Structure formats: C-alpha cells, structure tokens
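Participant: Since chain A is already given, all that's left is putting chain Y on it; use the hints.
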Amino acid sequence: DKSDFKQTIQILSENNAADGIQKSGYYSGNVHITQGSLVIDADEVFIDAKDGPGNEVFIAKGKPASYQQKANDGSMIKAVADEIRYTLNNRVLTLTDNAELHLQSSMVKAERIEFDMENEQFNAKGSDNEDGRTITIYQPSTQEDANGNP
Amino acid sequence: MNKVTISICLLFILVVALNYDQWISTDEVVPLDETEEAWRPNYLADGMLNTLYNSKGELSYQVFAKHMEHYQLLGFTLFEQPMYNLFDENGQNQWQISAQEGTLHENNRLQLEDDVTVKSLDKDGFIQTMKTDYVEIDLNNRTLTSDQLVKISGKNYVIQGEGFSANLEKRTFELLNHAKSTFSPGPTP
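Protein chains in written order, with this note's numbering: chain A, 1 to 150; chain Y, 1 to 189.
The set of hints was computed from the structure by calculation and includes no laboratory data.
Be aware that a few hints might be false.
As the list claims (entries may be wrong) - Result set (DSSO-like, lysine-lysine): computed pairs, CA atoms no more than 30 Å apart in a straight line:
id, chain 1, residue 1, chain 2, residue 2
1, A, Lys61, Y, Lys180
2, A, Lys70, A, Lys6
3, A, Lys23, Y, Lys151
4, A, Lys63, Y, Lys180
5, A, Lys23, A, Lys63
6, Y, Lys170, A, Lys23
7, Y, Lys155, A, Lys2
8, A, Lys109, A, Lys23
9, Y, Lys119, A, Lys6
10, A, Lys2, Y, Lys180
11, A, Lys6, Y, Lys123
12, A, Lys70, Y, Lys180
13, Y, Lys131, A, Lys50
14, Y, Lys131, A, Lys6
15, Y, Lys151, A, Lys6
16, A, Lys70, A, Lys109
17, A, Lys2, A, Lys23
18, Y, Lys170, A, Lys61
19, A, Lys50, Y, Lys119
20, A, Lys61, A, Lys50
21, Y, Lys119, Y, Lys66
22, Y, Lys170, Y, Lys155
No experiment lies behind these values; they were computed from the predicted model shown.
So here's chain A without its partners, still in its complex pose (with noise of 0.2 Å):
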C-alpha cells in the first residue's frame, strides 16, 4: 500500500557487483527485493542508478520474475512476467513478456503491462503480432474482506 514506497529497499542475492561510472547495479542469484508488502523475486536485478539517488530503475529478469504487493484495501496485488521494471520515482511496475497482473478480482493477461502501484491503475497493450489480445478476466465481484475469504 501507499506507506511502503517511503520505507527503505532491502535486496538479498548470492552475488552483487556494481559500476561506479556507469553508476549500474547488479544482483544475481535468487534475488529478493523487498519494500515494505512489495516483493520482487528473479533471478537477476539490474540497477540502472544513472538519474542520481530515488530516480533508481530496477530491473529484474526471472523465468519468470514475480511481485506481489498489500493494495490499500488489504487484498494482495500479484504480478508476474519474464520482465518487471519498477521505476522508483513514479511508482510504475513496467511487465513486459508473458505478462500477467492480478489485482482485486481482475486478472489481465497481455505482451506489456503497466501498473501504477501508487494509485492502482494499469494499461495493457497487446503484442502487435499473432493475435496480440490482451485478456483482462473480471471475475464476479465476491466481497473479500481484508484476509481474502469471501
């Protein structure tokens, strides 16, 4: 929900390297970014830290990568694609490749989402070849309380 984007980032991974000039970062390794309720799992993280300290890019890769966060009514947000972006100063989740976005009673399906965690809003745009649908599944609205049963 909207406290964690003021609390600090933790990352966990077996390998870390960085790059001062390129001021890149980059973690390896079961990777596990946590932000308050936001977690990000993949197997590699790319830090692009090139706009100075809070504009942070993480980039992080998986087979596929997933996140998940509390939204503000209590229910969890899920996410999962080969490719998630979150850029730290707008708060935007960027899924690309086999992207798939679980939120309230929604799920959406599509080539590239992106979710405005703060406010809770996504677009999706389907892949311009094959079919390039993109699939948003409402399901009846059942009345989850905060701990998710009906």
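Facilitator: Chain Y in isolation, oriented as in the chain A frame:
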C-alpha cells in the same frame, strides 16, 4: 722413504688433525633475513609524509603515517595509522584510504588492517565509501581484494557482503558473497 718424506707425511697428518673438527662442522648457513640484524628497522619515522611519482613524473600517491619502520632485508615497510591519498592522471586526489596498520611490500603491494576505510573524494560518485578490516591493494593498478566482511555505501545505499574485489581506476567492485543491500528511496515528493 727417507727422513724427508716421513717428516712431510707427519706434518700433513698434524695439519689434518688440527683442522679436522672445523672442516667437518658445517655451521648451518643462517639465511640473510633471519639474521638478528635484519629484524632491526633500517630507518623509522614518526609523523611521516611520503610522496610517490610514477614513471611519467606525475603525482601518484601520498602516504601520511603516525609511525613507519622500513626493513630493507625483509623487503617491507610497516605503517601505523597510514593514510593514503591516490591521485589520478591529472593530479586530482581521487581516493583516501586509511587504516590502523599497513604493510607495504616491494612490488607496491599494500596490506591494510583494522578499520580500513576507502573514501571517494568525488562527492557525487556512485561509490562513496568502502569499510572492511582487511584489504590488499595493488598500488600500481589500483585494485583491491579482500576476503573479509565489507560494507560499501553510496549516497542512498549500503551494500554488505563478505569478500570483494574492486578497481578504483574503473570504479567497479564485485562481492564474492553478497549478504544484503538497502536502498533508501531518496526524496519522496
């Protein structure tokens, strides 16, 4: 076998007998660096500043130390509370490295121990400080290696691990076993 040859033989035997024990007892050869004399510093200095220039005559690094002892035969120099200033090719002081103890070996290999701090003097550099308790520095190509715990921090992050290698020239580092990194999200609007 007239008298003369007999006396020569006698003389010969006499000489052998006298020196026999010396020839036999080969006193074991004491290697140079174990002689008691090697363990006395050739020179020592307090509150010392040493400035080194590279082959092109450019300022390479400076070292201040509270106390320093140089052992010529053993081929190293001991420092107490050394502080190194490393300069880049246009004479800019880029890095400051301090520790409680230092040992400089002949091939410009420097071992620093206890409370080692590597500080970047470039205020908006991505890497600001590295802290560990042991590091080996090759002053020629400015690379660092350590197998100890290390804490690397920048303006808004701290990275902890065990064992690392770093290149001050390229400003890169790599951790052998990364433990944890924390990023503070910086100024939130």
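Participant: Work down the list of hints and note, for each, if the structure agrees.
Facilitator: Right, here's what the structure says about each hint:
no.: 1; hint: A:Lys61 to Y:Lys180; in the structure: holds, 19 Å
no.: 2; hint: A:Lys70 to A:Lys6; in the structure: holds, 15 Å
no.: 3; hint: A:Lys23 to Y:Lys151; in the structure: holds, 18 Å
no.: 4; hint: A:Lys63 to Y:Lys180; in the structure: holds, 23 Å
no.: 5; hint: A:Lys23 to A:Lys63; in the structure: holds, 26 Å
no.: 6; hint: Y:Lys170 to A:Lys23; in the structure: holds, 11 Å
no.: 7; hint: Y:Lys155 to A:Lys2; in the structure: holds, 24 Å
no.: 8; hint: A:Lys109 to A:Lys23; in the structure: violated, 34 Å
no.: 9; hint: Y:Lys119 to A:Lys6; in the structure: holds, 28 Å
no.: 10; hint: A:Lys2 to Y:Lys180; in the structure: holds, 24 Å
no.: 11; hint: A:Lys6 to Y:Lys123; in the structure: holds, 25 Å
no.: 12; hint: A:Lys70 to Y:Lys180; in the structure: holds, 23 Å
no.: 13; hint: Y:Lys131 to A:Lys50; in the structure: holds, 24 Å
no.: 14; hint: Y:Lys131 to A:Lys6; in the structure: holds, 27 Å
no.: 15; hint: Y:Lys151 to A:Lys6; in the structure: holds, 23 Å
no.: 16; hint: A:Lys70 to A:Lys109; in the structure: holds, 20 Å
no.: 17; hint: A:Lys2 to A:Lys23; in the structure: holds, 28 Å
no.: 18; hint: Y:Lys170 to A:Lys61; in the structure: holds, 26 Å
no.: 19; hint: A:Lys50 to Y:Lys119; in the structure: holds, 20 Å
no.: 20; hint: A:Lys61 to A:Lys50; in the structure: holds, 20 Å
no.: 21; hint: Y:Lys119 to Y:Lys66; in the structure: holds, 19 Å
no.: 22; hint: Y:Lys170 to Y:Lys155; in the structure: holds, 19 Å
Comparing the model with each numbered hint stated earlier shows that hint 8 is the single one that does not hold.
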